[in-house]
Amino acid sequence: MFAQPFAHGHSLLHRLDPRVRLATAAGCSVCLALVQTRTAALYGLIVGAFLLLLSRPPWRTALRRLLAVNVFLLFLCLLTPFSLSGDTVWQWGPLAASRQGLALALVLWAKSNALVFFFLALAATMPVSTAGYALQRLHCPDKIVFLLVFAGRYVHDIAEEWRTLLAAARLRGFRARTSLHSYRTLASLLGILLLRGLDRAQRVHEAMLLRGFRQRFFCVTPFQAHARDAIFMAIMGAAMAVLCWLELR
Amino acid sequence: MNNDPPLFCLENLTLVHEGCAEPLLRDMDFCLYPGEHIGLYGPNGCGKTTLLRGITGLHKAARGGVRFEGKLLRSEADFHPLRCAVGFVLQHAEDQLFFPTVLEDVAFGPLNLGLSPDDARQRALETLARLGLDGFADRQTHALSGGEKKLVSLAGVLAMQPQALLLDEPTNALDMSARQRLLDILVGLPTARITISHDWDFLQRVSRRFMTIEDGRLITDAPSLDHVHRHAHPCGHVPHVHT
Numbered sequence: 001m002f003a004q005p006f007a008h009g010h011s012l013l014h015r016l017d018p019r020v021r022l023a024t025a026a027g028c029s030v031c032l033a034l035v036q037t038r039t040a041a042l043y044g045l046i047v048g049a050f051l052l053l054l055s056r057p058p059w060r061t062a063l064r065r066l067l068a069v070n071v072f073l074l075f076l077c078l079l080t081p082f083s084l085s086g087d088t089v090w091q092w093g094p095l096a097a098s099r100q101g102l103a104l105a106l107v108l109w110a111k112s113n114a115l116v117f118f119f120l121a122l123a124a125t126m127p128v129s130t131a132g133y134a135l136q137r138l139h140c141p142d143k144i145v146f147l148l149v150f151a152g153r154y155v156h157d158i159a160e161e162w163r164t165l166l167a168a169a170r171l172r173g174f175r176a177r178t179s180l181h182s183y184r185t186l187a188s189l190l191g192i193l194l195l196r197g198l199d200r201a202q203r204v205h206e207a208m209l210l211r212g213f214r215q216r217f218f219c220v221t222p223f224q225a226h227a228r229d230a231i232f233m234a235i236m237g238a239a240m241a242v243l244c245w246l247e248l249r
Numbered sequence: 001m002n003n004d005p006p007l008f009c010l011e012n013l014t015l016v017h018e019g020c021a022e023p024l025l026r027d028m029d030f031c032l033y034p035g036e037h038i039g040l041y042g043p044n045g046c047g048k049t050t051l052l053r054g055i056t057g058l059h060k061a062a063r064g065g066v067r068f069e070g071k072l073l074r075s076e077a078d079f080h081p082l083r084c085a086v087g088f089v090l091q092h093a094e095d096q097l098f099f100p101t102v103l104e105d106v107a108f109g110p111l112n113l114g115l116s117p118d119d120a121r122q123r124a125l126e127t128l129a130r131l132g133l134d135g136f137a138d139r140q141t142h143a144l145s146g147g148e149k150k151l152v153s154l155a156g157v158l159a160m161q162p163q164a165l166l167l168d169e170p171t172n173a174l175d176m177s178a179r180q181r182l183l184d185i186l187v188g189l190p191t192a193r194i195t196i197s198h199d200w201d202f203l204q205r206v207s208r209r210f211m212t213i214e215d216g217r218l219i220t221d222a223p224s225l226d227h228v229h230r231h232a233h234p235c236g237h238v239p240h241v242h243t
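As you go down the protein sequences, you meet chains D and U in turn.
For the first sequence, the numbering used here gives the first residue as 1, with consecutive numbering after it.
For the second sequence, the numbering used here gives the first residue as 1, with consecutive numbering after it.
These are computed hints drawn from the structure, not numbers from a lab.
Treat the numbers as computed from the prediction; the structure is a model and nothing was measured.
There may be inaccurate statements among the hints.
[As the list claims (entries may be wrong)] Once the Cα atoms are required to be at most 35 Å apart in a straight line, the calculated DSBU-like pairs of lysine-lysine come out as:
{"no.": "1", "chain 1": "U", "residue 1": "Lys-60", "chain 2": "U", "residue 2": "Lys-71"}
{"no.": "2", "chain 1": "D", "residue 1": "Lys-143", "chain 2": "U", "residue 2": "Lys-60"}
{"no.": "3", "chain 1": "D", "residue 1": "Lys-143", "chain 2": "U", "residue 2": "Lys-71"}
Given the sequences, and given the hints that come with them, work out the whole structure.
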């Protein structure tokens, strides 16, 4: 149910140190988020697309994810030209689309897609557990790392439990319909799922205490950076320098 | 019978279930000595698991307490040293495997003991190898079979090199080969232990003396389950060899 379709590839990017990939993704996303000119945003989009090509993702899944993001963006981009005042390019009754608004919509669209490209190429290309361990090595706060690692561990169990509950309901003739009975059944299934989740959280916490846990979290997965990681970081650094130059010239 | 000092002692330990007037277990006095292998049996709901939870401080004492290294344990923090020395293998391995990968999970205890990450990884790998789980380090914990989960959760506890083990129905839901593997491991393990089981044959083979709980009281010299029996034999009338 929670397969990670991008995580297990053999591309050049998959072979890079996860810490380097996450740090690069974070650094580049800050640069991209601050961009305000059209040239720089489109340049970022091209760099992101190139990275995504390099990571050789399963294309069907990648396109489906991009579609989800762009459906959301569509509403934003449709509304922006009308909400910004400026030179009118198109008028419909009291609604006027401005040239400045259109330009801003384009920048927004390019930036958002570029960010998705970067994260699909750099962050989605590792299992959740690896991402957690790598973040811990990058000195992320323990609580965030905990949340990520434990969510990655237990999301399968909770999903499994939900499927079992639903199967048990179906075995007794339950079919989800738009009826009060359906809503009531689904609500109590969800309630039981929450209760079991709480119970399990308590048992897991006790199991952690039994093994001497004292709010400190360490990780033993070894990470090794190679020369190729340094080269990758240098290239990405240069690419971001070009982005800044395009933005500020 | 044993000249070594006890690993831990229960002193008048009384455990009460929340909202119940009648104590579940009352005035328990008992010491576990190094090398003792104790089997604990009794009907469902008589308080076997609660006893183990009481020993490790997960169930708070209503009266009396647990003495460990000369000190009567009271607060949550007091129990930390005992938990580091007495390993508790829970009934449901699922609850005990909380990391996505086997290596991180087995290394969790050693890290809490204060080992460096490198030493902890080494200790985890050695423990896995000792239990015949070589090559499991990078496996995903949620994708293990029931038997594998049990062995990995045991590895997580043994990696802390405990002085005593508490095992709560370890053969529950294991198939014959996984049960045999666990049996072989435990028979070869000198660590003192208290084993709860409804699997009489298993309990008999991993324990040397027995306890049970009757009417909320701990009986520390319960009868052994060992017995000789007679039954009809289809080949009784011809000479034959038993393998």
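Verification of the hints:
For the proposed pair Lys-60/U and Lys-71/U, the alpha carbon gap of about 16 Å is at most 35 Å, so the pair holds. Straight-line distance between C-alpha atoms of Lys-143/D and Lys-60/U comes to about 28 Å, which keeps the hinted pair within the 35 Å bound. Taken as a hint, the Lys-143/D and Lys-71/U pair is honoured in the structure, with Cα atoms around 33 Å apart against an allowance of 35 Å.
This entry satisfies every hint, going by the numbered hints stated previously.
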